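**Q** The listed protein sequences derive, respectively, from chains A and B. So the first sequence is residues 34 to 349, counted in my numbering. So the second sequence is residues 608 to 877, counted in my numbering.
Keep in mind that the hints were calculated from the coordinates and are not lab data. Please note that a few of the clues may not be correct.
[Unchecked claim] No more than 16 Å apart at the CA atoms, straight line, and that leaves these computed lysine to aspartate or glutamate pairs for EDC-like:
(1) A:K281 to A:D309
(2) A:K209 to B:D717
(3) A:K72 to A:E346
(4) A:K208 to A:D234
(5) A:K149 to A:E171
(6) A:K348 to A:D309
(7) A:K227 to A:D186
(8) A:K208 to B:D717
(9) A:K281 to B:E673
[Said to hold, decoys possible] Computed beta-carbon distance windows for the label pairs:
(10) B:P667 to A:V185: 47 to 55 Å
(11) A:P116 to B:Q771: 27 to 35 Å
(12) B:L625 to A:V215: 20 to 28 Å
(13) B:A797 to A:L92: 31 to 39 Å
(14) B:K710 to A:P280: 29 to 37 Å
(15) A:L81 to B:G757: 19 to 27 Å
(16) A:I182 to B:F867: 31 to 39 Å
(17) B:M616 to A:L92: 39 to 47 Å
(18) A:L92 to B:R610: 35 to 43 Å
[Unchecked claim] Computed footprint of chain B on chain A; a stretch qualifies when at least three of its residues, placed anywhere within it, have a C-beta under 8 Å from a C-beta of chain B:
(19) 78-88
(20) 132-138
(21) 180-190
(22) 320-327
Predicted, not measured: the structure shown is a model, and the values here were computed from it. Heads up, the beta-carbon is just placed ideally off N, CA and C, and yes, glycines get one too.
Below, each chain spelled out in residue letters.
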Amino acid sequence: MNAFTPPLALALVDIGRVISLVLIAGGLLWLLIRAIKLKEVERRVIFLFIFISVAAPILFPTVFKEKATPIVKAVFDKIESLPPGSKVLLSYDFDPAMAPEVQPMADAFSRHCLVKGHKIVYMCLFATGQGQFTRTMENVIRPEFPEKIDGVDYVNIGYKAGNEGVLNVIISDFKKMFPTDVNGVPYDSVEVFKGIRSCKDLDLIISIGGGRPGIKEWVLFVGDPGDVPIATGVAAVVAPQLYPYYPKQLLGLLGGIKGAAEYESELVIHYPRFKDSPTPALLMMGPQTLAHIVIMAFIIIGNVLFIQGRRKEGKQ
Amino acid sequence: MKRSTLILMGLVVIVFALSWIFKAISFHGVEEHYVLQGFLVTLAAFLTLSIMSFLYRDNPFYKFAEHLFVGISAAFWMSMGFWSTIVGNLIPRLSEGLSNFFKVHYIPGDYNIFFYIPVILGILLLMRLSRNYGWISRWSLAFIVGTTAGLNFIRYLRSDFINQVSATYVPLLVDWQGIGHFFSNLSLSASGQFIMMLANWVIFLGVMCGIIYFFFSKEHTGMFGRASRVGIWILMITFGASFGYTVMGRISLLVGRITFLFRDWMGLNI
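Could you put together the complete structure from these sequences and hints?
**A** Structure, rendered in structure tokens:
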């Protein structure tokens, strides 16, 4: 949906939204009545409702306005405050299973760093992160920043096996672990690496992921011992475990798709050139919101059923 | 096999073939290998739907997709282990000839006799496959456990204990300039004095009450019992927040798969 979408299509989308909302609300009401009458709800009905509540906002997109929370804003402000030419490391520590949540973050970080003129070092602690970087390359760097040159504005050093062992080496010597970039260009010939001997020479490290090895290892093996500023974007499942690191050991955190949506929103506000760029996280907030409402409704219906059941037992 | 199952399988094969043909036609002129692309998108959609079909009930399609996933994952990580650890890390440091053979960048001057130790330990680890000499693999395992524990001990002690204790000591009176100043500048902004003080009090009291809940040397009665009760509430809220985040994560994955089905497979313009 954009400014060039025909009015008829917009009207059809609105009609679709209303029909799907009526369908969901009516269905939930029917289930509530059944619960009051002490009739069980089959689990497949719950799955069906979740499917409809996720599918409807995808078919009829609903975009909500997002405002960056301080924990997300801290990451944005850090990248914003670094002078052009600063060295930022983006570590793709995720696989395709996590991609719907964290790929939008990775793309947004890349956009922000490149538009600010920072030099980016891409690497990954997950073997599958290499493939995910290719998506950023194809969807962000090549189409939106064709003037940026590999090796000069950014470099991809790829994956190295060894988990935290890799971090334990690059905290003191990058070249030892990555003698070349993925294209086989020797370390000393890569312009981005000029002035970088170890992780301590980087201005910012951002780990994007949610598994192991990931941000926890970055904090333990690089951030704390090297006193390097570290930020992260992680899958929602692990975000609560990382909140205790903020703000002392982590300067900011994007938790799940909500964090990604807030970052995308902030990026569009500050850089209108990204107004027409894909914002998958913002689009995902529609299905998220509706699905959460449905889940809350089911929690209420479940409790009604439970209370009614207890009352009936009490009467007997 | 039941007749209805056979009919269903036949239908799935027909739908798969039709989808492949339609996708290949839609990729014609767009992709170089349009037949292969059509097959891959159709296969991805088939596997997605097969996995989702478990929500209805267990079935052969789900089992096929599950076994395929497990098998491919095992094979992928085994080949990754060989190419990234042995070929990627070891060979460039050991031999120029082998580096040229595997087409990896040789690192001159990095040769060290100690690099043979992991080679030997790796071979010992594979002795697990032998019934008679399987016990030798325990040496390698002991080395892995010992080095990992040693490597992590200091890091965890520093980051997850000392730094976390230090992070709990937060100022309970943030920018305190008197009660008059506090009330005249009262705001509900996240960066305001009131909210920052409230957050620090929650951290301080939350940690204290949480610790009290796990302190079993004293009976949980009186003030101590009430603090322990607050500790339970703090834990419950934490679990609730974790559950909320998990729901968000799972819904995101579902959105990802449904978007794939609608846009990439069915070709809807969304």
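**Q** Does each hint fit the structure? Answer for all of them.
**A** Now the hints, each set against the structure:
1. A:K281 to A:D309: Status violated; Cα separation ~36 Å.
2. A:K209 to B:D717: 9 Å, holds
3. A:K72 to A:E346: Given pair K72 (chain A), E346 (chain A) holds - Cα atoms ~15 Å apart, limit 16 Å.
4. A:K208 to A:D234: Roughly 13 Å between the alpha carbons, so the hint for K208 (chain A) and D234 (chain A) holds.
5. A:K149 to A:E171: 20 Å, violated
6. A:K348 to A:D309: 62 Å, violated
7. A:K227 to A:D186: Holds: K227 (chain A) and D186 (chain A) sit about 12 Å apart, inside 16 Å.
8. A:K208 to B:D717: 12 Å, holds
9. A:K281 to B:E673: 42 Å, violated
10. B:P667 to A:V185: 47 to 55 Å: 54 Å, holds
11. A:P116 to B:Q771: 27 to 35 Å: 32 Å, holds
12. B:L625 to A:V215: 20 to 28 Å: 40 Å, violated
13. B:A797 to A:L92: 31 to 39 Å: At 35 Å between Cβs, range holds.
14. B:K710 to A:P280: 29 to 37 Å: The hinted range 29 to 37 Å is violated for K710 (chain B) and P280 (chain A), with Cβ atoms some 46 Å apart.
15. A:L81 to B:G757: 19 to 27 Å: Given about 52 Å between the Cβ atoms, the range is violated.
16. A:I182 to B:F867: 31 to 39 Å: Taking Cβ atoms as reference, I182 (chain A) and F867 (chain B) lie about 33 Å apart, which means the hint holds.
17. B:M616 to A:L92: 39 to 47 Å: For L92 (chain A) against M616 (chain B), whose Cβ atoms are near 30 Å apart, the range 39 to 47 Å is violated.
18. A:L92 to B:R610: 35 to 43 Å: 36 Å, holds
19. 78-88: holds (count 5)
20. 132-138: That given contact holds, which follows from 3 residues of the stretch 132-138 of chain A lying within Cβ reach (below 8 Å) of chain B.
21. 180-190: With 0 residues closer than 8 Å to chain B, the stretch 180-190 of chain A misses the three-residue bar; violated.
22. 320-327: Satisfied; 4 residues make the cut.
Checked against the numbered hints given earlier, the structure breaks hints 1, 5, 6, 9, 12, 14, 15, 17, 21 and satisfies all the rest.
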